[in-house]
Amino acid sequence: MAILSKEEAQAILKKVLSYSKADACEVSLNGSDEGNIRYARNAVSTAGQIDVMSLGVSSTFGKKTGTATINEFDDASLKKVVERAEELAKLAPENPEYMPPLGPQTFSESLTYNAKTAAMNPDTRAEMVAKSLSVSKGAKLEAAGFLVNANRFSSIMNSKGLFAYNKSTNVSFSVTMRNQQGTGSGYVEQDFNNLDKMDTLALSKIAASKANGSAGAKAIEPGKYTVILEPLAASDMLGNMFRGFDARSADEGRSFMSKKGGGTRLGEQLFSENVNIYSDPLNPEVPGSTWSGDGLPVTKTQWVQNGVVKNLSYSRYWASQKNTQPLPFSRSIVMEGGNQSLEDLIKSTEKGILVTRFWYIRMVDPQTLLLTGLTRDGTFYIENGEIKFPIKNFRFNESPVIMLNNVEALGKPVRTGSGLIPPMKIRDFTFSSLSDAI
Amino acid sequence: MLPSLAFGKLISVEEALTPVEVALKKKMADVVLNTAKANGASYADVRIGRYLNQVIATREKRVDNIANGESYGMGIRVIANGAWGFAATNNLDNDSIAKATKLAVAIAKGNAKIMTEPVQLAPQKGYGEVNWKTPIETNAFTVPIAEKVDLLLNVNNEALKGGAKYINSNLFMVNEQKYFASTDGSYIDQDIHRIWPTFTLTKIDAAAGKFETRNALSSPMGMGFEYLKPLDSEKIKGGPVTMYKKRYDMLEDVREAAVHVDEKLKAKPIAPGKYDLVLDPSHLFLTIHESVGHPTELDRVLGYEANFAGTSFLTLDKWESKKFNFGSKEVNIVADKLETGSLGAVGYDDEGVKCGKWDIIKDGILVNYQTIRDQAHIIGEKESQGCCYADSWDSIQFQRMPNVSLTPGTTPLSAADMVKNVERGIYMFGRNSYSIDQQRYNFQFSAQLAYEIKEGKIVGMLKDAAYQANTQEFWNSCVQRCDQNDYRLGGTFSDGKGQPSQASAVSHGSPTTRFNGVSVINTGRKI
Chain A
1 MAILSKEEAQ
11 AILKKVLSYS
21 KADACEVSLN
31 GSDEGNIRYA
41 RNAVSTAGQI
51 DVMSLGVSST
61 FGKKTGTATI
71 NEFDDASLKK
81 VVERAEELAK
91 LAPENPEYMP
101 PLGPQTFSES
111 LTYNAKTAAM
121 NPDTRAEMVA
131 KSLSVSKGAK
141 LEAAGFLVNA
151 NRFSSIMNSK
161 GLFAYNKSTN
171 VSFSVTMRNQ
181 QGTGSGYVEQ
191 DFNNLDKMDT
201 LALSKIAASK
211 ANGSAGAKAI
221 EPGKYTVILE
231 PLAASDMLGN
241 MFRGFDARSA
251 DEGRSFMSKK
261 GGGTRLGEQL
271 FSENVNIYSD
281 PLNPEVPGST
291 WSGDGLPVTK
301 TQWVQNGVVK
311 NLSYSRYWAS
321 QKNTQPLPFS
331 RSIVMEGGNQ
341 SLEDLIKSTE
351 KGILVTRFWY
361 IRMVDPQTLL
371 LTGLTRDGTF
381 YIENGEIKFP
391 IKNFRFNESP
401 VIMLNNVEAL
411 GKPVRTGSGL
421 IPPMKIRDFT
431 FSSLSDAI
Chain B
1 MLPSLAFGKL
11 ISVEEALTPV
21 EVALKKKMAD
31 VVLNTAKANG
41 ASYADVRIGR
51 YLNQVIATRE
61 KRVDNIANGE
71 SYGMGIRVIA
81 NGAWGFAATN
91 NLDNDSIAKA
101 TKLAVAIAKG
111 NAKIMTEPVQ
121 LAPQKGYGEV
131 NWKTPIETNA
141 FTVPIAEKVD
151 LLLNVNNEAL
161 KGGAKYINSN
171 LFMVNEQKYF
181 ASTDGSYIDQ
191 DIHRIWPTFT
201 LTKIDAAAGK
211 FETRNALSSP
221 MGMGFEYLKP
231 LDSEKIKGGP
241 VTMYKKRYDM
251 LEDVREAAVH
261 VDEKLKAKPI
271 APGKYDLVLD
281 PSHLFLTIHE
291 SVGHPTELDR
301 VLGYEANFAG
311 TSFLTLDKWE
321 SKKFNFGSKE
331 VNIVADKLET
341 GSLGAVGYDD
351 EGVKCGKWDI
361 IKDGILVNYQ
371 TIRDQAHIIG
381 EKESQGCCYA
391 DSWDSIQFQR
401 MPNVSLTPGT
411 TPLSAADMVK
421 NVERGIYMFG
431 RNSYSIDQQR
441 YNFQFSAQLA
451 YEIKEGKIVG
461 MLKDAAYQAN
471 TQEFWNSCVQ
481 RCDQNDYRLG
491 GTFSDGKGQP
501 SQASAVSHGS
511 PTTRFNGVSV
521 INTGRKI
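Heads up: the protein sequence lines correspond to chains A and B, in order.
Using full-length UniProt numbering, read the first sequence as starting at 1 and increasing by one per residue.
Using full-length UniProt numbering, read the second sequence as starting at 1 and increasing by one per residue.
Just chain B, same shape as in the assembly (with noise of 0.2 Å):
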């Protein structure tokens, strides 16, 4: 599934090359902060947000678009009389913002007016003037559009001479040029880059009226163009797919794919039972954004998202417990707003929260979930864990998901091997379908490829496959995982939440991972 990238006015390469001042940007934020103090605010926190895409879409022999947006504005957010308020404006002269914050402030005390408590913001010290930069070697936005583009069509030529009747690529690149003040006394700038190449491959087999399609194993990931410069201590070879860790070889993935969508046509369909399965973190990554980053977020298990996403199976009894046993000995997993190459690392989160890393599941148990500065007492936090995002300067920042990942195994342990040891197995790359309830107990995924295991050997492919299974049981049949040299990297650039609902990036890292006696169906059917 494509994000539907949401471009603002179009701007020259030339133009996204140069930032704001940082000086003007101070300037802007402090008539914010004193207009909002002047009229009463307790609290005020300003974004002036420069956010730049680029996309390019081709398909077969042709360019579909190329296109290069700017959007730039500021988003108001004030504390009075214990209630919150937000405004939001892109005429940035000095009477047009503090128009805005006086906005903000009269929205605040009227909400104030029918509070139920007011606001409790966990403290939160200035940082003075401080930046921070996604440590990227090649800026995506300075690479001519030609070398792009170029990528792509030979991508797509080496999908056309595999024999694809049908071949999509694109190319996807986001930059957000992001400023925060507030009246705590931080002042911090941040130049945040994201890139994510894709494909979707397709053969047709008109006489049997079947078709079959694999989409790219890469990863979006919070870098610069040097991910797709392919490197080979970055790649995993000697399984039934090439794994990537963070350089990505797209040539050579789209000739894989290729030949799978040949071996998926022919492939065997599944018989409905129940399998040890071992699953790539290329699919990986999902089921734990589903069933372990979704319900430990403490604005659903509160129940601030019930009308949309739902609520969390989570609840807090179970974490104040201590021994809620959420998976099995083998299964730790952490929230960590840092980690290199991974989409949710910053330095700062949108309430100027410098970020870290911190246990979710505890060798199975829940020991704790994933706030910001408004929640932060209600587990009895001093302070908040730094994740507060707003995907637009015009909309109000809330709680995201951190980059929420499964920790490698500490015995040496490659994915070859742990695949010898399974006698009747699934091994799965890629995400397909996936649902899970609004609670987070029930889920089904399917992957891009799915290989079936005899006797630790792998003997072909399987077609019509998915697991169902519920959130515990699935964690609490987790036997092994392999060592650090095979943990990667997955994610999503369009994690949906909120009304009006509002796109987050968010990365998974998992090493290749067993789960033993997994539900699985067959999802064949005639019409």
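For reference, chain A alone in the conformation it holds in the complex (with noise of 0.2 Å):
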């Protein structure tokens, strides 16, 4: 039921803004259908099959827009949600940052579907899950893990006639690994739209070497490390500086993206010449959505070019406010790195940390974007290009923006959740004290 062919979510949003007696009606019909399946102390604790499908009506008369949404899809129900926005509509105050809706636009098709991954079902969840508990058990270690997959769409047409469809699925498995003496603890985390990709014998066998491998970590004094981030633990840092590329929150000078003075600081060089990033929704390894959230077309950009910052996200009222084009973001994020592998990264590091991960990451100061957390589930120190021994976590305080002025090398990217991300040689990174924690 919840995963409507684009003709069948056409019908349906056609028919509700048949209903429409608004100025303009925007109209958005979204359905997930969800299977997991949990498990911990080497056992199976629940399962579950979720399936949900919603619709949303936003109406505006003049500037006022109101917006209701329902999870019934009976003609009655339908006619009542337009009502509902269109009463909400008219009491609500003006809005003077409302937008008309856009007209026809062109998208191109996306590749975030799978058949594979969408016929899943509970015998293919428990078949990958005895794979990965296989290992533990016979590594005598006890998993605690999480396997979902989800089968997606989502439509929106608004009263100009604009239409856009997509279809996705994901499959995403995660596991810690700990010894029974819980002196050790590894962890694998991955996600692919294809179903075909995802190997949770292999993985499992990575977690069940970091659980092995980081028992009996020594402590090593606090202080600033040359650090090897693998690509989860970049991943981490990262995600957090994508969130201020928003030219709004720039301008207004209430982002690391202001510039001292008024303005934003597109166009400078705030990170190493070796820093690219781009997003691509057409990069089949990071497949996204063709079309964002209000209609625009979302297409490769660049968002930072040798060090440079290339472009800021705009909505269509910042863009309209600043003569520019509106510019979504993207999730399918691709940052470039070399060709070297982690294991190349490590031998030519004489001195340094590996982290596998990081956990528990806020926010300290949104003007430097400086970032705390700890690392976990894997923690080595490196001397003359070898793994030496495991060591004891660190809580760390750096900035993602400090942290890529201070590239060393970057290896060859691999899909850390929605991106494509390299494994990173950081140095001078900031670690300021430590935790007991396993």
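Watch out, some of these pointers could steer you wrong.
Unchecked claim - Computed spacing ranges between beta-carbons, pair by pair:
id	chain 1	residue 1	chain 2	residue 2	range
1	B	Thr142	A	Pro297	43 to 51 Å
2	A	Tyr317	B	Gly460	51 to 59 Å
3	B	Ile145	A	Lys116	43 to 51 Å
4	B	Thr142	A	Glu94	24 to 32 Å
5	A	Pro297	B	Lys237	39 to 47 Å
6	A	Glu97	B	Asn154	17 to 25 Å
7	A	Asp75	B	Asp150	52 to 60 Å
8	B	Pro19	A	Glu87	17 to 25 Å
Claimed, not checked - Here chain A is said to cover these stretches of chain B; the calculated rule only asks that three of the stretch's residues, wherever they fall, bring their Cβ under 8 Å from a Cβ of chain A:
id	region
9	102-116
10	253-267
11	302-313
12	326-339
13	436-449
Claimed, not checked - In silico DSS-like links for lysine-lysine, alpha-carbon gap of 30 Å or less:
id	chain 1	residue 1	chain 2	residue 2
14	A	Lys90	B	Lys148
15	B	Lys37	A	Lys80
16	B	Lys268	A	Lys260
17	A	Lys116	A	Lys21
18	B	Lys109	B	Lys27
19	B	Lys322	A	Lys259
20	B	Lys161	A	Lys64
21	B	Lys268	A	Lys224
22	B	Lys113	B	Lys102
23	A	Lys137	B	Lys109
24	B	Lys61	A	Lys260
25	B	Lys237	A	Lys224
26	A	Lys140	B	Lys113
27	A	Lys310	A	Lys63
28	B	Lys318	A	Lys218
29	B	Lys266	A	Lys140
30	B	Lys274	B	Lys246
31	A	Lys63	B	Lys27
32	B	Lys165	A	Lys310
33	A	Lys259	B	Lys323
34	A	Lys79	B	Lys148
35	B	Lys235	B	Lys454
36	B	Lys235	B	Lys266
37	B	Lys323	A	Lys392
38	B	Lys382	B	Lys323
39	A	Lys392	B	Lys235
40	A	Lys21	B	Lys148
These aren't lab readings, by the way, just hints derived from the structure by calculation.
Idealized CB from N, CA, C, for every residue including glycine.
Join the two chains, each given in its own frame, into one complex according to the hints.
What follows is the structure, encoded as structure tokens:
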């Protein structure tokens, strides 16, 4: 029920719009069918399947807009939701930032859907988890993990004739393995659109090896160190930075992208010259939707080139205020790297620390983007190009902006979350205290 | 950090005020219980939930969003062949209910094939037909939207008059109409209310390229709209900040915030080192939440959350020893599911257990955890402590944190008098950045406002101050608590736990409390 075809979604949206009496009307229809299985202490704890669909209607009279949502789809409910949106619109104050709906747009066909992922069922999930449990039980470790797959569609239509539809699939797996003494812990996490790429056995073996390898960690002094961030750790830091690529907050003076004296840092050399970041929803490794929530086409966009900020994201309203073109952000981020593997980066390091992942990252200072958080599930000391011994976890206080000014080397990017992120060698990364957590 | 509340279908105020008939809910529940038993379940419970939300969001002189939402459906949980099974439906005709019940039983039987040991459920007597309501004076859903919008726009106006460049103000309201029934013989009807007013005020120093913000010092509460009716007897004045108990003066707070942000823009950077900290309840609640609430969750201790939230340093051997020195003798921490005005107050939890109050840390020693029915036997309890909660009818209920609070001191002491005895210290208000490791040893917290104390006097505002500590060392540095008159609740609307993640609302009470010799760092950097 929840995953409608393009034609089915279009038919419902057209029907909803036919009930509209407002000056302008925008309708969205989204659905997902999500199945999951959770395990802990080497046994399945919960399993479920959730199937949901919802319709949202925004009606506008002049500059007064009201929004209503519903999860029933009979004709009476569809009429009711339009009436409610119109009632709310009449009660609402004028919105000086209201933007009239866009007319029809042209969108590229996305690469987000995979039929095999869409066909996953409880048996597929149980089988994938059984492979993971075979690793933990075989290695006498305790596993806790989560496997979830989703089949989604999203669509929008408005009274100016714009229509957009996208269908996507995703499968996501993560597992933590701990030894029985509680002295070692390892973790992996992986997302794909395509089920064929997901190998829970191989991933679980990495978690097991980290759990065994991290046992018996030694304490070393906090301070500034050269670090090699695995792509997951690097991605944890960058995610917080991408939210700052918003022109409005930069123009308003409340972002790390704000310039002293007013304006933004667009065009400034903010990072090392070897930092190049773009987004591309048509990259087959990290496919994304080719349209944004307000109906704008999403295309390949360079955000940072040779360390220079090349673009900031503009909403339609803010672009109209600044006499520029609106530019949506995309989650299909690609940070370019080199051809070196993680092992190559370790080999070329005289003294340093390998970080598997970070945990509980929070913003400390939005002006400098200073973040705090901790290492977790496998932190190792490197000397003369080799991993020497596991070390106790650290708390860090560091800004991704400072970090990307201290880039020594970048490895080959790999899919991490919804982006392609390289492992990174960073000098002078600031660890501020030790943690006893394992 | 504002929660992202999920809204279901939008409904009118009139509809929100008309609860579903109890007799109808009982009839639907009986379909579940009878079908489950007939299909081989040894236990079944059903939650029929109607979750109402209203949010009003404004910015400067305009309303960003007004939304009413409803989510209505049924969650069915059974034990069959010794294993749990769960299914949910929002089709509430008898056939759909029976079908979902059979699905839950089938899932339980499937899970039984791969289980390692059968579920051991602590015994629970049935209560028959009972009910419970949050003791509110004014149902926030009955207050006209125009009145709420006016309040927020007045708040924004005060902020702009005070020189704010930007002001966002929001009002969140929740009503959970929950019906629980189980094969133990309980039919429990509950009506639960929560409210959270908040704002963020921003000023910019463009020439210096600096900005500062201050968030509201309100608390989310288990109350009705009366929380927003100011009352002088519920204020504590005399310090650098007006503090609020069970009535909040949003206009007064925003006027003070405008002044505070000017002080923040000119504040002196902290010199790193050891300081005595005086922590206001508006700040301390989050430290309690992270460093006491989470590590005493029994499911974390046992490893059920290892892949997401983490485990706990408070392992069973520490509890069994009956002498694990969690904190100083001042540290007395209780779990309390009944406290009036708190977010976690309910009559019964989401598996039909009557709620209560118990010690977690007694005179500094770890004495207990937080448990639910299928965990109680692990710590030798004969009954559950009533900590089971699901954030929606379609979520599986599991162990969630009750209100966990630091009790007030018994010797009369005001916050102002506490400050007088501090030679070199920092007085902190409001939550800001917070981070703690996955076993809850090492944490770092900062505040909305940090004042320097020198020789018993507040001498000015500090910036870039964050304290770092080890949980056990921190609570052992607790030397003094203010008395009952200073005791207040803080809380969060959206504590996250579980996979898929579920949100829960919880309060933490405390008096203003002093901690000696805590390490404070300077977080200022240049980019």
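ask   = In ascending order, which of the hints set out earlier in this document are inconsistent with the structure?
value = When the structure is compared with the hints, numbers 2, 5, 7, 10, 12, 15, 17, 19, 25, 27, 29, 30, 31, 33, 39 turn out to be violated.
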